[in-house]
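Visitor: Sequence:
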Amino acid sequence: MTRAFLAMVLANVMLAFGPWLVRLADVSALGSAFWRLSLAALPLFLLARMVRQPIPRLSPGLLGMIAIGGLCFAVDLGFWHIGIHHTKLANATLFGNFATFLLAAYALASTRRLPDRYQSAALLLAALGTLLLLGRSYQLDARNLTGDLLCILAGVFYTGYLIAMSRARGALQPVPLLLISTVAGMAPLLVFAIADGGPVWPQDWTPLLLLAIGSQVIGQGCMVYAIGHLSPMVIGLGLLIQPVIAAAVGSLRYGERLGLADIIGGLAVCAALVLVRMSHSGQAGDQGVEARP
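So for the sequence shown, the working numbering puts the first residue at 609; every next one is plus one.
No lab work stands behind these hints, which were simulated from the structure alone.
Cβ coordinates follow ideal geometry from the N, Cα and C atoms, glycine included.
Honestly, I wouldn't trust all of these hints.
Label-pair distances were calculated between CB atoms; the ranges are [unchecked claim]:
(1) 869 with 837: 17 to 27 Å
(2) 859 with 718: 35 to 45 Å
(3) 724 with 613: 24 to 34 Å
(4) 658 with 871: 35 to 45 Å
(5) 728 with 872: 11 to 21 Å
Using the sequences provided together with the hints, build the complete structure.
Guide: Spelled out as structure tokens, the structure:
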């Protein structure tokens, strides 16, 4: 249990620095998303070999499901990386985990169940917190509002990715599943990056290597491990590490000061993340990589 808890903390710390590394990269937002996946593919392959989780023969139906998931993952990363450049790091981190609420809503719709008290409170807090953060962003700069909306849109496609991966999870172990979904998202992101016309080939590889290893390999890998051993409440509380670190980086590096509305809105969204993880449906949704990629 101690090992799983430390893995959860490490995962959230590594994921929290992801948006900053996206800004530091000297390629376009879509270019950084492509390199994030492509540079992580080989380490994930070696990790799968090391932990003895081989890739089995895949059926056409399973390949199609993974392809859909990879496309959703690529679109999600594209929107999120663009949004990171147009809003505060704390907002990008909070809205980057918006798939948690959408996945809970999907679970309720698919089972035709009414939300329990935790889910109801989480959805209400998420709505209030989001409105406060969006209103604050618009007051500061309309471009920040655009960034927030792009990050929320990314959460919609990330939900599609999670649903596809949860359906494939029964046939694949965690590390091979993460590896295949990573490879599946590479080609679409390369096409998106080239079509965008921005710089794709970096002059400085350091931020991209740190992004690939820190967020995609260590962050996602540790989160996969932790989710299988810790309760949803602990995982939910752990997610609060991300916006705190992101807000500190944004304040120190970019002067992104948080006003009272930002703090209240952020706390509301954080509380909603914990509550939705405490619910039964939130626990059922923890079958894959649910933290922000």
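Visitor: Hint by hint, say whether it matches the structure.
Guide: Quick rundown of the hints versus the structure:
For the hinted restraint 17 to 27 Å between residue 869 and residue 837, the CB-CB distance of approximately 37 Å leaves it violated. Look at residue 859 against residue 718: about 40 Å separates their beta carbons, and that is inside 35 to 45 Å. At roughly 26 Å, the beta-carbon separation of residue 724 and residue 613 lies within the given 24 to 34 Å, and the hint holds. As the Cβ distance of residue 658 to residue 871 is approximately 42 Å, the hint placing it in 35 to 45 Å holds.
As the Cβ distance of residue 728 to residue 872 is approximately 20 Å, the hint placing it in 11 to 21 Å holds.
Hint violations for this structure: number 1 only, all remaining hints satisfied.
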